[in-house]
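J.: What follows is the residue order along each chain.
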Amino acid sequence: MANSKKKFLSGGLGQLTIPVVAIVLLVIFNLIRDPSFFGVGILHNNDGNIVLSGNLITIINGASELAILAMGMTLVTAACGGQDISVGAAAAIAGSVFVKILKSSPQIGGGKVLLAFICACIVAMIFGSFNGTLVAIFKIQPMIATLILYTCGRSIAYWINGGATPTVNSPIITAIGSFIPGIPVPTPVLIVIAMAIVFKLLFKFTSLELFTQSVGINGSAARLNGINSTFIKLLTFIILGVCVAVAGSIGVSRLGLINHETLLLDVEMDTILAVAIGGNNLGGGKFKIGGSIIGAYVIQTLTITLYAMKVSSTDVKAYKAIVIILLVVIGSPVVKQKFGKFMSKFLENRSGKVMKGAA
Amino acid sequence: MKRFKALAMAGVLALSLVLTACGSNTGSGSTGNSGSSGNAGTAASSSGELIKVGVVNNPPSESGYREANVNDMEAVFSEANGYELKTFYSLKNDEQLQAAQGFITEGVDYLLISAAETTGWDEVLTKAQEAGIKVFLFDRMIDVDESLYEAAVVSDMAKEGDTAVQWLLDQKLDVYNVVHIQGAMGSDAQIGRTGALDAQFQSGAMNLVVQQTATWDEAEAKKIVESVINSNEDFNVIYAENDGMAKGAVAALDEAGITHGVNGKVIVMGFDCNSWALRELLAGNWNYDGQCSPFQAQIISDIIQGKRTIDSKIIINEEKGFDAATITQADIDTYGLGE
Numbered sequence: 001m002a003n004s005k006k007k008f009l010s011g012g013l014g015q016l017t018i019p020v021v022a023i024v025l026l027v028i029f030n031l032i033r034d035p036s037f038f039g040v041g042i043l044h045n046n047d048g049n050i051v052l053s054g055n056l057i058t059i060i061n062g063a064s065e066l067a068i069l070a071m072g073m074t075l076v077t078a079a080c081g082g083q084d085i086s087v088g089a090a091a092a093i094a095g096s097v098f099v100k101i102l103k104s105s106p107q108i109g110g111g112k113v114l115l116a117f118i119c120a121c122i123v124a125m126i127f128g129s130f131n132g133t134l135v136a137i138f139k140i141q142p143m144i145a146t147l148i149l150y151t152c153g154r155s156i157a158y159w160i161n162g163g164a165t166p167t168v169n170s171p172i173i174t175a176i177g178s179f180i181p182g183i184p185v186p187t188p189v190l191i192v193i194a195m196a197i198v199f200k201l202l203f204k205f206t207s208l209e210l211f212t213q214s215v216g217i218n219g220s221a222a223r224l225n226g227i228n229s230t231f232i233k234l235l236t237f238i239i240l241g242v243c244v245a246v247a248g249s250i251g252v253s254r255l256g257l258i259n260h261e262t263l264l265l266d267v268e269m270d271t272i273l274a275v276a277i278g279g280n281n282l283g284g285g286k287f288k289i290g291g292s293i294i295g296a297y298v299i300q301t302l303t304i305t306l307y308a309m310k311v312s313s314t315d316v317k318a319y320k321a322i323v324i325i326l327l328v329v330i331g332s333p334v335v336k337q338k339f340g341k342f343m344s345k346f347l348e349n350r351s352g353k354v355m356k357g358a359a
Numbered sequence: 001m002k003r004f005k006a007l008a009m010a011g012v013l014a015l016s017l018v019l020t021a022c023g024s025n026t027g028s029g030s031t032g033n034s035g036s037s038g039n040a041g042t043a044a045s046s047s048g049e050l051i052k053v054g055v056v057n058n059p060p061s062e063s064g065y066r067e068a069n070v071n072d073m074e075a076v077f078s079e080a081n082g083y084e085l086k087t088f089y090s091l092k093n094d095e096q097l098q099a100a101q102g103f104i105t106e107g108v109d110y111l112l113i114s115a116a117e118t119t120g121w122d123e124v125l126t127k128a129q130e131a132g133i134k135v136f137l138f139d140r141m142i143d144v145d146e147s148l149y150e151a152a153v154v155s156d157m158a159k160e161g162d163t164a165v166q167w168l169l170d171q172k173l174d175v176y177n178v179v180h181i182q183g184a185m186g187s188d189a190q191i192g193r194t195g196a197l198d199a200q201f202q203s204g205a206m207n208l209v210v211q212q213t214a215t216w217d218e219a220e221a222k223k224i225v226e227s228v229i230n231s232n233e234d235f236n237v238i239y240a241e242n243d244g245m246a247k248g249a250v251a252a253l254d255e256a257g258i259t260h261g262v263n264g265k266v267i268v269m270g271f272d273c274n275s276w277a278l279r280e281l282l283a284g285n286w287n288y289d290g291q292c293s294p295f296q297a298q299i300i301s302d303i304i305q306g307k308r309t310i311d312s313k314i315i316i317n318e319e320k321g322f323d324a325a326t327i328t329q330a331d332i333d334t335y336g337l338g339e
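Protein sequence lines, in the order shown, are assigned to chains A and B.
Quick note: the first sequence uses the numbering used here, first residue 1, plus one each step.
Quick note: the second sequence uses the numbering used here, first residue 1, plus one each step.
Mixed in with the good hints there might be a few duds.
[Said to hold, decoys possible] Okay, the calculated bits of chain A under chain B, using three or more residues with CB under 8 Å as the criterion:
hint : stretch
1    : 52-58
2    : 233-240
3    : 258-268
4    : 302-316
[Stated by the list, open to error] Below, computed lysine-lysine pairings styled on BS3-like, alpha-carbon distance capped at 30 Å:
hint : chain 1 : residue 1 : chain 2 : residue 2
5    : B       : K159      : A       : K310
6    : A       : K286      : A       : K345
7    : A       : K288      : A       : K204
8    : B       : K265      : A       : K310
9    : A       : K317      : B       : K172
10   : B       : K172      : A       : K310
11   : A       : K286      : A       : K336
Hints are computed from structural coordinates only; laboratory data are not their basis.
Virtual Cβ for every residue (Gly too), placed ideally from N, Cα, C.
Okay, chain A solo, but in the shape it has when bound:
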């Protein structure tokens, strides 16, 4: 008993301790505040479909883009030891391309949506490889390299569609952004699950995970062992590009509208935080994508909780910052080490006392 407790306190879940504890705390807090908070209802939406509703669904659905971006960001973080801060701007570009293709002719069919998505993917991958080239080949710090696209990305998105906020109306787009008729789970959630499975399979059947980690831990050692670290770094940025295209397309499909200035605004900060809350080392190296996904849900739960408490949305960011600082500090190696030492001392003393008492 004491052993398992000790193991848990010193990080029994390993890397996942912090995100899991955080999400459990948030759930408990909400259940005390309002026992019906996580109630899931079943109702007919205005298209006549039977759908699930409630805060739980809102949270899981709303975090979709964030979760997808966090998956890609985890890889970039692990390989490069830095973060891509241009994901929001790149998503605006990808979303604009998506809309541009959809609007190229009045009819919107399944094939055209697929074509639009593929084009969005290609464009996002090109911008990803631009970032990747700066980081991997020119050895610029990731945050500085991606600052370029962060700064100009939304202007590029503006060039694609002009200043208008074009709208696309199509049952297919509605199905992608909200519900497929007959399936009560929001489609973005299904897309997150699909992406997670793709990553799982990718790690299972390729050495991407191992290579990424070794490049992140020690690039030169990895190179000496025959891993092309430049290529791996570039590859992680291209994979992130795919994630960006998926997230951007979901964002557009939700409302059937693109506003290049506000699509996934400030998402880069939340994405990096999701990776950090997920217990991943922001300096690169070992990583767990599952942690980042839970991190994304932690952030979204926090946001929705604050909205439910009617905290003004201008203040939400400040409250979020406080909670996140706490989480990141608690999760930092320094605190962990101190806490571990303290606990082992504490347990030692107690067992010592018990032994004395027995004698």
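Starting from the structure of chain A, add chain B where the hints point.
T.: Using the frame of chain A, we list chain B on its own:
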């Protein structure tokens, strides 16, 4: 040291981006020629026939509103209408000041200004006056003495709010439970459109269910409405301060199976009159859309050509509110922004 320099540069870049993003982003606009920034116009012709007009404006990329505004200026002050147009677009006040200075030196007849900031214009406008150049302000006011300009053609955001709230009161609902989604706090549009509604909350004529800012962000507006729906609070009016946010709110209603629009449970109100929003009105999905007119050029042109006399230096641009019950396709074609 090099790295520090790079960081500093990056900081400046990021800051300028933030400033760019602060421009009143009022949603959608029109397509068309948008690439003509810098000094356009027919500088070569020195024909005395044409009236020389210098326009200092914000760039069309700022928002859909601005794009429609810029296109309108270029259409009205065309050579065909007897004007020689010089334009300068920037979001930065100091660049705008320099450009205005340049226009004065070049010797334009009229100077039209929509300033990035309300301060710092005294000196330039005084110089313009000394040079005998008549100044018009459009869209935005400047903090200077009235004697320094001929007229200011502006939108009255408070009036937009009043018109909308009056329309809402005219609906004679038994009870008003309002979800109020605000624009970026502190922007002219937000202050004006919020003011009228706040007065109703204070007088008790309407009940405030929730008042949140979505900073013009559609997705954020959807989240806010979702959270209201999930907490099972009763509401029958959504007052969104622009069209995009109204669309986000409606998406949340649709997913929750709550009817809206004409004959629906919830009244939906938006602002800006994007064409697509007016089409929602025509289809009966929304109830009301308030206009924020970007069309000031014709009024100024009429004053220049003596077709219109000015009683007061501040001319409030006539703005409409559209009701789903009375809107027609012709209204959409005339007043809708964008495609």
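J.: All the hints need checking, so say for each whether the structure fits it.
T.: Quick rundown of the hints versus the structure:
Note: the stretch 52-58 of chain A has 4 residues with beta-carbon separation from chain B under 8 Å; the three-residue rule is met and the coverage holds. Proximity of the stretch 233-240 of chain A to chain B, defined as three or more residues with a beta carbon under 8 Å from a beta carbon of that chain, is not established by the 0 residues found. Under a criterion of three residues with beta carbons nearer than 8 Å to beta carbons of chain B, the stated coverage of the stretch 258-268 of chain A is upheld, 6 such residues being counted. Coverage of the stretch 302-316 of chain A by chain B holds. Counting CB-CB distances below 8 Å, 8 residues qualify, and the rule asks for three or more.
Taking the CA atoms of B/K159 and A/K310, the gap is about 29 Å. The hint holds against a cut of 30 Å. Annotation: proposed proximity of A/K286 to A/K345 holds, straight-line Cα distance about 29 Å (limit 30 Å). Restraint check for A/K288 and A/K204: the C-alpha separation of about 14 Å stays at or below 30 Å, so the hint holds. A hinted pair counts as satisfied when its Cα atoms are at most 30 Å apart, and B/K265 with A/K310 qualifies at roughly 23 Å.
Distance check on the hinted pair: A/K317 and B/K172 sit about 38 Å apart at the alpha-carbon level, beyond 30 Å; violated. For the proposed pair B/K172 and A/K310, the alpha carbon gap of about 28 Å is at most 30 Å, so the pair holds. Distance restraint check for A/K286 and A/K336: the Cα-Cα separation of roughly 17 Å lies within the 30 Å cut-off, and the hinted pair is therefore satisfied.
Checked against the numbered hints given earlier, this structure breaks hints 2, 9; the rest are met.
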